[in-house]
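S.K.: Please construct the entire structure, taking both the sequences and the accompanying hints into account.
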Amino acid sequence: MDIKSDIFKHGKNLFSTKGFKKTNIKEIAQSAGIGVGTFYNYYSSKERLFLEIYIEENENLKKQLIESVDLDQEPVKVINQLIMRNIEAVHTNPILKEWYSRDFYKELEQYYRNEGSKNIDSFRAFYMELFKSWKAQGKIREDIDDELLPVFLDSLVYIDTHKEEIGIQYFPKVTQYLAEFIMQGLTNHHK
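Mapping of the sequence shown onto the numbering used here: residues 2 to 192, in sequence order.
Simulated from the structure, these hints should not be mistaken for lab results. Glycine included, every Cβ here is placed at the ideal spot set by N, Cα and C. One thing to keep in mind: the hints can contain errors.
Said to hold, decoys possible - Each computed BS3-like pair below joins lysine-lysine, with the alpha-carbon atoms no more than 27 Å apart: (1) K47 - K98; (2) K13 - K63; (3) K78 - K133; (4) K98 - K5; (5) K22 - K47; (6) K63 - K47; (7) K23 - K47; (8) K64 - K27; (9) K63 - K19; (10) K13 - K164; (11) K5 - K47; (12) K78 - K140; (13) K164 - K174; (14) K78 - K10; (15) K98 - K22.
What the hints assert, rightly or not - Derived Cβ-Cβ restraints for the label pairs, each shown as a range: (16) Q65 - S32: 21 to 29 Å; (17) S46 - E148: 34 to 42 Å; (18) E148 - S102: 28 to 36 Å; (19) K140 - N14: 39 to 47 Å; (20) Y159 - A126: 16 to 24 Å; (21) N61 - G20: 17 to 25 Å.
M.R.: So, in structure tokens, the structure goes:
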């Protein structure tokens with residue numbers, strides 16, 4: 002029996018049904034049939050466990066997105082669909098939805114920035130490839146450096162992490178529009 006994956010599974014269950022804030026370590030331990038001390042042998046905190054669960058959910062979502070979108074469409078459509086589906090998934094998945102809950106991003110965003118940023122890289126690599134192939138096919142402006150291309154989409158992630166300052170009521174609408182504007186700007190010499 003693998004205690005760590007047990008904790009993970011029960012934690013995920015509880016976080017999904019009760020939310021991050023209302024779930025405590027004692028419940029997770031009880032649910033997994035272990036003592037609280039044993040929990041701490043595997044995870045240093047509730048945040049750490051949640052983050053691992055969150056990152057795994059996020060990875061699964063990326064895989065689904067990449068498989069579900071027809072990458073041969075026009076770039077504007079591809080990015081628009083990726084972002085729309087991402088937003089839909091975030092709002093229907095209770096774990097991912099915590100990204101928009103005040104409790105999550107106050108306590109965990111900083112944590113995610115430090116710990117989770119390496120996971121952003123796998124999606125970034127996917128975008129890099131996508132942009133490079135579009136550029137090679139002449140679908141994207143020549144005058145913009147390759148390195149700069151994924152940075153436009155990275156910046157959307159950073160805007161997202163400042164939703165409190167910008168006004169959470171504008172999300173996710175503002176992200177969708179900005180993605181559209183960016184893609185139109187990158188492809189506009191073909192109009």
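S.K.: Taking the hints in turn, state whether each one holds.
M.R.: A quick look at each hint next to the structure:
1. K47 - K98: Holds: K47 and K98 sit about 17 Å apart, inside 27 Å.
2. K13 - K63: holds (19 Å)
3. K78 - K133: holds (17 Å)
4. K98 - K5: holds (24 Å)
5. K22 - K47: holds (10 Å)
6. K63 - K47: Within the cut-off at roughly 24 Å; holds.
7. K23 - K47: holds (11 Å)
8. K64 - K27: violated (33 Å)
9. K63 - K19: Measuring from Cα to Cα gives roughly 25 Å; hence the hint holds.
10. K13 - K164: holds (25 Å)
11. K5 - K47: holds (13 Å)
12. K78 - K140: holds (12 Å)
13. K164 - K174: The given pair, whose Cα atoms are some 11 Å apart, holds under the 27 Å limit.
14. K78 - K10: Answer violated: K78 to K10 is near 36 Å, above 27 Å.
15. K98 - K22: holds (13 Å)
16. Q65 - S32: 21 to 29 Å: This hint holds: roughly 27 Å between Cβ atoms.
17. S46 - E148: 34 to 42 Å: holds (36 Å)
18. E148 - S102: 28 to 36 Å: holds (34 Å)
19. K140 - N14: 39 to 47 Å: holds (44 Å)
20. Y159 - A126: 16 to 24 Å: Given range 16 to 24 Å: holds, Cβ gap about 18 Å.
21. N61 - G20: 17 to 25 Å: For N61 and G20 the Cβ distance comes to about 20 Å; the hint holds.
Consistency with the previously given hints fails for numbers 8 and 14, ordered from lowest to highest.
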